[in-house]
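Chains as they are written, first to last, in the working numbering: chain A, 1 to 351; chain B, 1 to 235.
Calculated directly from the structure, the hints in this document are not laboratory data. The C-beta atom is built at its ideal place from N, Cα and C for all residues, glycine as well. Heads up, some of the hints might be wrong.
[Said to hold, decoys possible] Pulled a few chain A residues facing chain B out of the computed Cβ check, cut under 10 Å: (1) 48; (2) 127; (3) 129; (4) 136; (5) 171; (6) 175; (7) 250; (8) 251; (9) 252; (10) 253.
[Unchecked claim] Across the chosen pairs, the derived CB separations fall in these ranges: (11) A:306 to B:135: 28 to 36 Å; (12) A:65 to B:45: 35 to 43 Å; (13) B:77 to A:216: 53 to 61 Å; (14) B:68 to A:220: 52 to 60 Å; (15) B:181 to A:155: 54 to 62 Å.
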Amino acid sequence: MRKTVILGLTAMALLVIISWMNAPKKPHPIAFSIPKGWPQPAYDFKSNPLTEEGFALGKKLFYDVRLSKDNSISCGTCHQQFAAFTTFDHPLSHGINNQQTTRNAPALQNLAWQTNFMADGGITHLDLQPLAPITAENEMAETLENVIAKIKSDKAYQTMFLSAYGDANINTQRVGKALSQFMLLMISSNSKYDKVMQGRDSFNLPEKLGYGIFQQKCASCHPAPLFTDNQYRNAGLSQDDVLKDLGRMRITNQPADSLKFKVPSLRNIALTAPYGHDGRFFALSNVFDHYRKQMVLGPTTDPQFNNRLPLSNFEIGQLKAFLNTLTDSVFIRDPRFSEPGAAAGPGNHGH
Amino acid sequence: MKHLLQYLILLLLGFSAFSETQAQQSISFQHFVGSQPLVLEDSIKNSNAEILVVRRFKYYVSNLVLIDAQGNRQIIPDSYYLINEAEPNSKKIILPNSNKNYSAIEFLLGVDSARNCSGIQTGVLDPMQGMFWTWNTGYVFAKLEGSSPSSSLPAHAFTYHIGGFRTGENVLKTIRLAIPGSSLPKDLQVKVDLNAWFSGNSSLLIAERPVCHSPGNLAMKIAANYAQMFSIIQP
Chain A
1 MRKTVILGLT
11 AMALLVIISW
21 MNAPKKPHPI
31 AFSIPKGWPQ
41 PAYDFKSNPL
51 TEEGFALGKK
61 LFYDVRLSKD
71 NSISCGTCHQ
81 QFAAFTTFDH
91 PLSHGINNQQ
101 TTRNAPALQN
111 LAWQTNFMAD
121 GGITHLDLQP
131 LAPITAENEM
141 AETLENVIAK
151 IKSDKAYQTM
161 FLSAYGDANI
171 NTQRVGKALS
181 QFMLLMISSN
191 SKYDKVMQGR
201 DSFNLPEKLG
211 YGIFQQKCAS
221 CHPAPLFTDN
231 QYRNAGLSQD
241 DVLKDLGRMR
251 ITNQPADSLK
261 FKVPSLRNIA
271 LTAPYGHDGR
281 FFALSNVFDH
291 YRKQMVLGPT
301 TDPQFNNRLP
311 LSNFEIGQLK
321 AFLNTLTDSV
331 FIRDPRFSEP
341 GAAAGPGNHG
351 H
Chain B
1 MKHLLQYLIL
11 LLLGFSAFSE
21 TQAQQSISFQ
31 HFVGSQPLVL
41 EDSIKNSNAE
51 ILVVRRFKYY
61 VSNLVLIDAQ
71 GNRQIIPDSY
81 YLINEAEPNS
91 KKIILPNSNK
101 NYSAIEFLLG
111 VDSARNCSGI
121 QTGVLDPMQG
131 MFWTWNTGYV
141 FAKLEGSSPS
151 SSLPAHAFTY
161 HIGGFRTGEN
171 VLKTIRLAIP
181 GSSLPKDLQV
191 KVDLNAWFSG
201 NSSLLIAERP
211 VCHSPGNLAM
221 KIAANYAQMF
231 SIIQP
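Between the sequences and the hints, there should be enough to build the whole structure, so can you do that?
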C-alpha cells in the first residue's frame, strides 16, 4: 500500500517536472499606445493580445512569398513601406501570372481604428483581410490548405508559432491574428502636421493657409486625426467601363450605395500616388481638377458636391503645401516594419 | 519515461472514450433526391424533371437544441457541424451523454451572425473549409454544385453558394423537427431531400438560374426552398 502511494507520488512529481520543462516561455506583451488626442481604437485587443513574438511572426508572414501559389508574391510586394504600404507608382497592383488587381492598393496605416476594410468595406475584421489576397485568383491565387501546409513544414515557423502562442498548433486563425499584430502597430502619427498640433513645430505660410482651406472644404469627409470619416461616399468618379466597379453596392446590393467608396485617409498622401479607388489620378493635381471640373454628378453623388468643389489655382497651391505636412518619414523608415534584408527604396522592387 | 507515461494516459483516455461512445446517441443526415439516395457524380432527375449530376453538397448545422415533452430546451454548447456528402463521418452528429427523452430537435441551418462577425474561427468554421466569402465577410451556409444539361454555363455547371446574415439578406433558417413517439432513438435518422432546393417553396430551374454566388434576393429564394429539405425517417 505504502509502496504504491510513494510510487504514485513520484510519478506525479515527475509529470510536474516534465511539463514544467516542456512549458514554452511566456510571450512578451507589447503595449499599444494611442497617440495623444486620438479616439479609442476599434480593434478588440483582448481577442488578440499584442506580443513581441506575435508581431515577429506576423512580420515574417507579411514578407513571405510562400503565401502565393508560385512563391513569387508576398503582402509586401504590393504593400511597399517607402510608399506608405501602397504599390509605388501603380494604379493597379500586379498579382501572379501578370494579372492585375481591380483596385488601387491603399496605404496600410492606423488600421486599428478601422472597422471595415477594402474600398467597398466588404471585409469586417482585420484578421480576415489576408484571406482575400491569398485566395484571389488575380493576386496570390493560393489555397488556405496549401499556405498552412507550407508553413507547417517550416522549422522556423514551428518555433515561432510555439513562442507566440504557447503551443505549436498552426491554423488559419493564428496566421490571421499574427498578421494583424504586425499591421496593428503600423501607426502613422509622426508627420509635421502632428508635431505642429503638439506645439513642437510650426507651419510656414502656405501650409497654414492650406490648413485653413482644408478645414473649410475637406475636413467634413477627411477629418483629423485619421483624415477619413470611414464612411462610403460617391465623390463623383464616373464608373470605369472595364472594371464596372459598383463600390459599396457590391456588398449591400442597395442601389443607394452605387458608386460609393470608402473615404481614404489622406495621411502620407504625397507618397501614395496614383489616387482614386482604381488609381485613375496620376497626381494630386488630377484629383483637384476632378473635384473642381470633371466630377460627374449622379443620383448617389455626395450632396456636399452639389456644386462640385470649387477651388482656385491659389487654393490648390496652398492645399498641396498642407497635404505635404501629412508625410510621416519616421513611419516609412521604421525598421520594425521593413522587409528583412532589403534597403528601402523604389530601386529594389521590380517595377 | 515521458513517453511511457504519455502512452499510459492516452490509453486510459482511449478506454474511457470508447466506453462512452457505447451509450451515446446521434443524429444522422441521409441525403436523397426524392426517394433515391443521393450518389455524387451519378446522373439524376430532380422534381422539375431537369437532369443533373451533384458534385458537392455541404451545409452548416449549428446551435443545436434538444427539446423535451415539457418544452424544456437543452442547448448543446458550441455546436457547429459541417455536413458534407463527400465525408460520411461528417453526416453523423454525436450527442452529449443524456438519458432524457426528447420530443423535438431544433437547429440553425447556417452559422449565427456572432460567428460571422468575430474574426477567423477554427475547426469546421475554419475558412479553409471553403465555406467562407473572403471578399464579403460571411459564411456560405449551404453549397450545392454540379452540372446539368439544362445549364447554359461552360461545362454545363451550376453552383449555388447560399449565405447572408445581415438584415435584408438574412438566410439563417431555424429548423425544428418533431421526433415521432417523443422518444429520441439511439440514432435519429433525418432525411434531407435535395428536391426541396428546386421546388420547396417556389420553383428554381437550373436552366434559368444556374448560379448564386452572393447574398441577396436569389439566395433568399433558394434558402426558403431548402429550409424544407429536412424530415425525420420513421424508425
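| query | At the C-beta level, are residue 181 of chain B and residue 155 of chain A separated by a distance inside 54 to 62 Å? | reply | With a Cβ separation near 58 Å, residue 181 of chain B and residue 155 of chain A satisfy 54 to 62 Å, so the hint holds.
| request: Go through the hint on residue 48 of chain A and say holds or violated, using the shortest Cβ distance to chain B against 10 Å. | output: Status holds, d = 8 Å.
| said: Quick check on a hinted range of 35 to 43 Å for residue 65 of chain A and residue 45 of chain B, using CB atoms only. | reply: violated (49 Å)
| message | Next item in the hint list is residue 250 of chain A. Is there a CB on chain B closer than 10 Å to its CB? | response | Check passed: Cβ of residue 250 of chain A comes within 8 Å of chain B, closer than 10 Å.
| Is it true that residue 306 of chain A and residue 135 of chain B lie within 28 to 36 Å of each other by Cβ? | holds (33 Å)
| Minimum Cβ distance from residue 129 of chain A to chain B below 10 Å? | Result: holds, 9 Å to nearest chain B Cβ.
| task | Answer holds if the nearest beta-carbon of chain B is closer than 10 Å to that of residue 127 of chain A; otherwise answer violated. | result | holds (4 Å)
| field | Hint check: 10 Å Cβ-Cβ cutoff, residue 175 of chain A to chain B | value | Constraint on residue 175 of chain A satisfied, holds at 8 Å.
| query | With 10 Å as the cut and Cβ atoms as the points, is residue 253 of chain A at the interface with chain B? | reply | Holds - the Cβ of residue 253 of chain A comes within 10 Å of chain B, reaching about 5 Å at its closest.
| Per the CB criterion, is residue 136 of chain A less than 10 Å away from chain B? | Given a least distance of 8 Å, the restraint on residue 136 of chain A holds.
| query | Hint check: is the beta carbon of residue 251 of chain A less than 10 Å from a beta carbon of chain B? | reply | holds (5 Å)
| Taking the least C-beta to C-beta distance, is residue 252 of chain A closer than 10 Å to chain B? | Interface hint status for residue 252 of chain A: holds (8 Å vs cutoff 10 Å).
In the structure shown, a violation is registered for the earlier hint numbered 12 alone.
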